[in-house]
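As you go down the protein sequences, you meet chains A and B in turn. FYI, the numbering for the first sequence is 1 to 231, going by the numbering used here. FYI, the numbering for the second sequence is 232 to 318, going by the numbering used here.
Watch out, some of these pointers could steer you wrong.
[Stated by the list, open to error] Label pairs and their calculated CB-CB ranges:
| hint | chain 1 | residue 1 | chain 2 | residue 2 | range |
| --- | --- | --- | --- | --- | --- |
| 1 | A | S85 | B | E261 | 52 to 62 Å |
| 2 | B | P254 | A | G88 | 27 to 37 Å |
| 3 | B | A316 | A | D175 | 31 to 41 Å |
| 4 | B | E293 | A | T67 | 33 to 43 Å |
Quick caveat, the hints were computed from the structure, so don't treat them as lab data. Ideal Cβ positions, reconstructed from N, Cα and C, are used throughout, including at glycine.
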Amino acid sequence: MTSTPLAGQRPGDVAPGARPGPGPTANGHPPGPAAADHIGLPWYVLEDYRCFGCSPHNPHGIQLRFTHHGDGLRTVFRLGRAHESYPGVVHGGLLGVIADEIMGNLIVLRTGQIPFTTGMRLRYVLPVTVGGGYECTARVRDGGAQLIHTESEIREENGAVVATATASYRTVSLDAASDRMELDAAQVDRLRRALSAATTTAPTTGAPTVVAAKAPAAITDRPEESHVRVD
Amino acid sequence: MSVSTDELISEITGIVAEELGVPIDSVSPEADLRSVQGADSVKVLRVIARIERARDVELEDEEVFGASTVREVAEVLQRALTESAAV
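Excised from the complex, chain B in its bound form:
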């Protein structure tokens, strides 16, 4: 199963908007997650936890905390999905 980065960005954007309580249009792929209005480190972790549950994948902490934007999180997720598919 191959998912494009754009699809993952769209999915993550929806989760971010929901968790932070902001309009989906206000979250751009390049937005720094921790600087979005209403964001804090806990909410970002909730986003990560939801992504992991939704996608049945475990993201590495080093990568999670190294990712700042929606696009970077999507790239981390895509790598994890690719790796889990290869197992």
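Just chain A, same shape as in the assembly:
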């Protein structure tokens, strides 16, 4: 039992859970407990970034927050009917989003680079219940100059595994990636500083060594073709 209690939220009508923040959650529910232990992602310096997975500004997103978990990261979530597949069952594709999100942000925090998903594989074990509390953890398996391999696990509050994921990422420098993003020069500068600060503040004890890769031309030129492919 490791999930954070979800203050002020009712099962079945909330989107994500345990997203402590300064204001109401995306669905108008009160924020959860203090966010002292949540990691400030580099993206937070962009005042209006809308990442579906981790932005606190996207009312349609799942607003994940992360904490350090050993060498990796952890997030807790509770999905509502907006993310339903069969009645009472969370859409399985969302689990891919969550796993991709936590693994990608882990690489961001470890390398200061921008990761693009080149492949991801999910093993679904058990349906995820609407309104149920879950946690997702991720760690780097190995990192080389070409690809970084990661793994993620989604568990029920009582610890039973409901899904596992493995993925590979190719990292791109911010300068290369920013060509494909709608960022002005000031935002790129802020983000560059935030990425640098994030990597220097990440825990180092026992953390796997990840070699930040220089982006090959093919990926740099056409990142959209390799992003978030779910096998």
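Position chain B relative to chain A; hints supplied.
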């Protein structure tokens, strides 16, 4: 790295016993996984997920669902390990 089928059977047997909550001695290599006391399809999938994580390998669904016994799962795993080592 070469691992014998017997080693894999021993490893898988331990995982099966743990996931199903049964004594390790009660799981024979020829036991039908889905008929072991306490087993259901979800628990069998958990066994598969744990094997994949432990061995850093991805097993094909067709092979996983085609395997009934610990020995057959070990054979599926061994093929996957051999293939991944050859890449």
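Do the hints match the structure? See the list:
| no. | hint | in the structure |
| --- | --- | --- |
| 1 | A:S85 x B:E261: 52 to 62 Å | 38 Å, violated |
| 2 | B:P254 x A:G88: 27 to 37 Å | 36 Å, holds |
| 3 | B:A316 x A:D175: 31 to 41 Å | 38 Å, holds |
| 4 | B:E293 x A:T67: 33 to 43 Å | 38 Å, holds |
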